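Asker: Chains as they are written, first to last, in UniProt numbering: chain H, 1 to 339; chain C, 1 to 495.
FYI, nobody ran anything at the bench for these hints, they're computed from the structure. Keep in mind that a hint or two might mislead.
Facing chain H, according to a computed beta carbon distance under 10 Å, are these residues of chain C, among others [as the list claims (entries may be wrong)]:
| id | residue |
| --- | --- |
| 1 | P36 |
| 2 | N105 |
| 3 | G108 |
| 4 | L112 |
| 5 | Y198 |
| 6 | S460 |
SDA-like, lysine to any residue: derived pairs with alpha carbons at most 25 Å apart [unchecked claim]:
| id | chain 1 | residue 1 | chain 2 | residue 2 |
| --- | --- | --- | --- | --- |
| 7 | H | K160 | C | N44 |
| 8 | H | K160 | C | S103 |
| 9 | H | K160 | C | R76 |
| 10 | C | K490 | C | L77 |
| 11 | C | K490 | C | I388 |
| 12 | H | K160 | C | V43 |
| 13 | H | K323 | C | P205 |
| 14 | H | K160 | C | K490 |
| 15 | H | K323 | C | I388 |
| 16 | H | K160 | C | L107 |
| 17 | H | K323 | C | G204 |
| 18 | H | K160 | H | I142 |
| 19 | C | K490 | C | R76 |
| 20 | H | K160 | C | N105 |
| 21 | C | K490 | C | R75 |
| 22 | H | K160 | C | G106 |
| 23 | H | K160 | C | L42 |
| 24 | C | K490 | C | G108 |
| 25 | C | K490 | C | L248 |
| 26 | H | K160 | C | V38 |
| 27 | H | K160 | C | Q390 |
| 28 | H | K160 | C | R35 |
| 29 | H | K160 | C | I388 |
Just so we're clear, the structure is a prediction, and the values are computed from it rather than from any experiment. Just so you know, even glycine gets a beta-carbon here, dropped at the ideal spot from N, CA and C.
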Amino acid sequence: MRPLLRAALVPLAAVPLLLAGCATGGGAAPDDALVVYNAQHEQLTEEWVAAFTEETGIDVVLRNGGDSELANQLVAEGSASPADVFLTENSPAMSLVEEAGLFAPVDESTLELVPEQYRPSTGAWTGIAARSTVLVYNPSLITEAELPASLMDLQQPEWKGRWGAAPSGADFQAIVSAVLETQGEDATSAWLEGMHENATIYRNNIATMKAVNAGEVPVGVIYHYYWYRDQDETAENSGNTELHYFGNQDPGAFVSVSGGGVLESSERAEEAQEFLAWLAGTEGQTILGEGYSFEYPVSSGVPAREPLPALDSLGAPAIDPSKLNGPQVIDLMTEAGLL
Amino acid sequence: MLVAVLGAAALIPVGYVVQVAVEMGWQQLAELVFRPRVGELLVNTVLLVVLGVPLTVVLGVGGAWLVERTALPARRLFAVLLVVPLTIPAFVASYGWASAIPSINGLGGGLLVAVLAYYPLVYLPALAALRGLDPALEESARSLGMGSWAVFVRVVLPQLRLAMLGGGLVVALHLLAEYGAFAFLRFETFTTAIVVAYQSSFAGPNAAALGVVLALLCFVVLLVEATARGRLRYARVGGGSPHPAPRLGLGRATPPVVLALVALAVASSVVPLVSVIRWALVTDAASWAPVVDATVQTLLLAVGGAVAALAVALPAAWLSARYPGRVARTLEGAYYFASSLPAIIVALALVTVTLRVLPGLYQTVATVIAAYVVIFLPRALVSVRAGIAQVPESLEEAARSLGTSPFVAKLRVTGPLLLPSLAAGGALVALGAANELTATLLLAPTGTTTVATGFWAAASAVDYPAAAPYALTLVLLSIPAVALMLAQVKARRTP
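The following block holds chain C by itself, in its conformation from the complex (with noise of 0.2 Å):
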């Protein structure tokens, strides 16, 4: 019960942009719709997403296995370096590459952008499988006669499948959904197009219209991810190896690898660093003032973001781990689908339901933290219910033969087991939480700074010494989930 009123609480933005299309009507919705402004950004978009994507994946797949299975030199410091952009928000970065490179704009400079953000994403779960991956299959393969490039294709690949759509998965949600980087570079897209139809004419039409053909177009992706994943399982079941795998030579491949690599950290990471920094050097200390109110305040909306997504979290993965069936599949089919929609649609959806039917909760913190929870649960589903099928039920049973209460057992059993995947969880919303921009933006109490807010309103101002500050806090509050985030991956190594 509690599990579905939850469910159906992250659905208001579902039920906003169903609402909104029956309510305009067919004729004008078709008239906001079928225009060649939405074909432009149609266009846009879909061109965003269908090179965007491959290119995460290469990159991500491609870094993942060069760490992972070959003898790369120095491959310890790169696995570390390919992880470093998930610290620089992508509209951090777009600013850090427009003070490099200020004529950089249109679809290459966002392509750029968002691809060299957006890789570690697919990185980390190809990663983890890779780690995960039995190398008996390999071995047998190359016993069959099978080279190296061979046994990676049709041997490696093939079991990277659901790191790859899955990671593929997230990436595409995020350039849909992304704001800031675009925007900064000049790329309309639906999102951008929104957040500017919500500056004309706040909840109007045109925004609403333009809401109801994103959501389509997320649906489409899950919907495409969800057919080519097929009957895979999604979640990966048994242990790991019992041995490493071996590494593979790169011989005379060596040199030429190692510099693409390099090339990928400076691109990803170094450019958008050394811009920030460089900026924050000339930053008068009167511009460091407010950034300390403003990363309390973000603080505050992130902690309070993760542990409610957490609340939601438990009883849901707990469904899904302890009795999975239809409903628990429906519900969470529910989240997936609300938290794809990009915050701009929750925003608009938390703007008109609260002004309509919970005034008291108009410009609240409350307000932002819903926010949070629809677009942020996932993060939070993912690790706890990995974190509840790892334990063993066995356990639980044991301490019920020995005369505990089940809700006793559970608190003093499984929970103090689950604490790593609830942090881990918690980490990735607050992670989320602090690096959005568009929910806080429309949402926030007034008087609200956070540092994302904070940086978008001083670089839309072309300010950039005064945006510094901002950033650089972002990148150094993202360090901790992120360093947590890949010591998750790397514990993969003993199940």
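This is chain H alone, in the form it adopts within the complex (with noise of 0.2 Å):
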């Protein structure tokens, strides 16, 4: 047995060697960089870092995930986290590590540029961004008139096999919450039912507006900025489709809003802080206004990019952002076996 063990020793030996060599060669992170778990789209984070990066000589790198997956990671994690900042597309994930207790406050002088109904009362995190729910239809598969009244409606049988959403995402988790902060917790079974027996199931937004401009289903629910963005390069997967906004206080009518905040564990408070407010401040508004993202500013009255609705005309309900509820929602949707 020795000798076979010896044998065994010698290539053994050479693997913490090599380890090692990945760990300075191939690891792409400064030791410095300020940690981001991004769970908003990559693209958009990745135009704010450069810019900010450049103008404060901090590094950025970014890990990213979904909402619910990097919250239940940071969770999990706890004050081991090495995270330094959080981003999402959406609140409920914000609610979640808000609730484990591991945001520090935001820096006031942030909290002061974005208005109140975008972020919780709390000043735990802050708003960033919003997106509003919408309808995508295809015209030349049903009229104007045919449309429903109400996202509430999409759970009746004459919808059945008729549209299309992406429960797995995160997205759509957000407006699932919505409904359940409007409509309490038995007609969102009902609803989410109704869904599971309706609805052709697609993997994200994009997919679900592609299977809609392609006729494969006449309507999908989706957040209003892949419309916009596919309008504006070359309609490719949007072409054929038209939006419908619901109003009226309708959950269908939901404004989003995209969180960030601030791990109470950070190393690099400072930095974060800085970052958060970069984010939240003229700069970082002006790219998410301006830019790619067709995403609606939040704050420094930096207005909405053209053709975009301005976002208070769109008749949203009312929601406090930190009332939205992410694991129940995730329960629901399981027991409805949509996840």
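Mind assembling these two chains? They're in different frames, but the hints should get you there.
Answerer: So, in structure tokens, the structure goes:
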């Protein structure tokens, strides 16, 4: 056995050396960089980070993932988390981390930049952008008059096989959290069961929009900016479609707030707060408002990009972003067989 | 001892699955498992395996037989064409098909892409087995009056049973583990559902419960294969044939057979590759820049994974080749079961274990490499063990009789003779690691982008032009390893 052992140990000894080589050669993150757990769109955050680093000299590395995935990951990591900043597309994931007590309060001067309706009253995090729920439809398959008056109508049998959505994404889960907040648990369960019965399931908003464009389903529930981006580029995935805004404080008119927060456990808290302030400030909001993103700026008076309808004209239901509950939504969706 | 410790490490994912089941308790587990959603996933997943495996076996064995035993025109070309799909990861093939036929989806789409991507996993072992067959048996059968078809069915096929079962097993496990291709084609299996569950609750109960069911499915697949294999010897013993087998003329069947093979090559290689190249041509130069970094990181991780896997495989293979017995067999079974678990379960296990037990290893390169070792160990093991089995112990003994120590004898005599099989095993692991998606996504250090994860990010955003450079790079990176595999099979001609 002993020669066997020795023969085994020679190559084994090489492994740590090699690992060390990888760690220095392959690891992309400089040690002093700000670690951002990023659930916002990669392209947008990359635009932000490039401009921020250029201006301040502070390096930033991104760990990309989904809202709920990264929020739950932060909770699992607790105070051992390597993250300094958390950015999401929607607010339920922010509430999850807030409830676990992992956020440091956002600097007062940053909060002052953001109107009250786009941030939680607790100040544990802040809104950095907003997005509106819309119904994308294919006019060759459905007339304007036939469109549903409310998002809630889509649970009715006449919509079986006639709408698409991406329930696995945090975007849709945020919409469900608005349904839950405005309609209550029983109505939400019933609606989700109707969805399981009726809806064609796509992987994300873009795939949903593509399917409506290709005539696979007449309507789809998405966020507004996918459509505007595609129209601005080639209209390849949206050329055959139109947008329908529910308005009337319907849950289908829900405006979702994208959040940003600083982790209590951050060892670079000052730079993290600086980053957040920069995002909510004129530079960050201008990149958002004029850039490729087509999301809504929420602060610093930066207007939305043409041809978006003004954010306050959408008839969104008034909901405190910190009231939206991610975990309960996931449970309800799991029960309904959507996850 | 050492081997046992390493074996135990490879079993972390198995332990995780058991632990989850125990910790959750029967009631919560039952609640999460016995629901309609799991039924839907079960139907999809079982259909995929039950339909997919026979299809790959037919294509793989049929292709190998045509190339090896018939007077097929241009058979050298076809021999290579049939293995080309191995250079195209299944999730790249699905992207290729989806951009050629956007409406492709569901079970049909999933089966099409998966079967075309995975049949070479049967084709290669079938080709190797055919090369090793002694044609004397077939000649005897023919001399006893059997026709060509009867000889094929009653003499050749039974001798290919090990290759078919082994290849079929590998395909079945790939089908259970595949995430990217099916996610892309809107076909839900346990693996895609676990990733979705992970994304909505991290390592939460739902993901874990689905993982338990998937692990059971893998176990069933292993059991079915082991039962079907029966007492057949796993390792082929003895050399090859003293003279090459005669080639069967195809006669009037030639045109349709050639047509079928061309169709297969078009569907499995040309369609995905043309899509990739078409998108790559419209990609602007800026989209190529991040691919360079990603390639460097991919190479480092893949080579690291390969070296680490070989380091574990070498002592384990030595033990099973030189000291066969119950211990070796049990260990080997453990490795195989652990590595049959889809990468997403291995990743979930390592996320949980590092967070709870070894926080220092959380989100480090070491964890990614550990995952690669667990997932790809059998690839190294099979190759290294075959290599060790082929080196006569008498050579070492001769060296020792000349006065060298046992260790030096191993290093200087057996070592060099093992190099080809080490290289082959390492290449196979590196190939797997370079194409690995889910474990890399979950475990890699913050800021890491491999070619596979970079591709996935772009393809998920339906940004086809940005995904194309990554896809092309994945294909290019795969070519050397696949060429090496084919060369290994071909080398069997002269035993």
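Asker: Next, verify each hint and record whether it holds.
Answerer: Do the hints match the structure? See the list:
| no. | hint | result |
| --- | --- | --- |
| 1 | P36 | holds, 5 Å |
| 2 | N105 | holds, 9 Å |
| 3 | G108 | violated, 15 Å |
| 4 | L112 | violated, 18 Å |
| 5 | Y198 | holds, 6 Å |
| 6 | S460 | holds, 7 Å |
| 7 | K160(H) x N44(C) | holds, 21 Å |
| 8 | K160(H) x S103(C) | holds, 20 Å |
| 9 | K160(H) x R76(C) | violated, 53 Å |
| 10 | K490(C) x L77(C) | holds, 13 Å |
| 11 | K490(C) x I388(C) | holds, 19 Å |
| 12 | K160(H) x V43(C) | holds, 22 Å |
| 13 | K323(H) x P205(C) | holds, 24 Å |
| 14 | K160(H) x K490(C) | violated, 55 Å |
| 15 | K323(H) x I388(C) | violated, 64 Å |
| 16 | K160(H) x L107(C) | holds, 21 Å |
| 17 | K323(H) x G204(C) | holds, 22 Å |
| 18 | K160(H) x I142(H) | holds, 14 Å |
| 19 | K490(C) x R76(C) | holds, 11 Å |
| 20 | K160(H) x N105(C) | holds, 19 Å |
| 21 | K490(C) x R75(C) | holds, 13 Å |
| 22 | K160(H) x G106(C) | holds, 18 Å |
| 23 | K160(H) x L42(C) | holds, 24 Å |
| 24 | K490(C) x G108(C) | violated, 34 Å |
| 25 | K490(C) x L248(C) | holds, 19 Å |
| 26 | K160(H) x V38(C) | holds, 22 Å |
| 27 | K160(H) x Q390(C) | violated, 63 Å |
| 28 | K160(H) x R35(C) | holds, 22 Å |
| 29 | K160(H) x I388(C) | violated, 61 Å |
In this structure, the hints that do not hold are numbers 3, 4, 9, 14, 15, 24, 27 and 29, in rising order.
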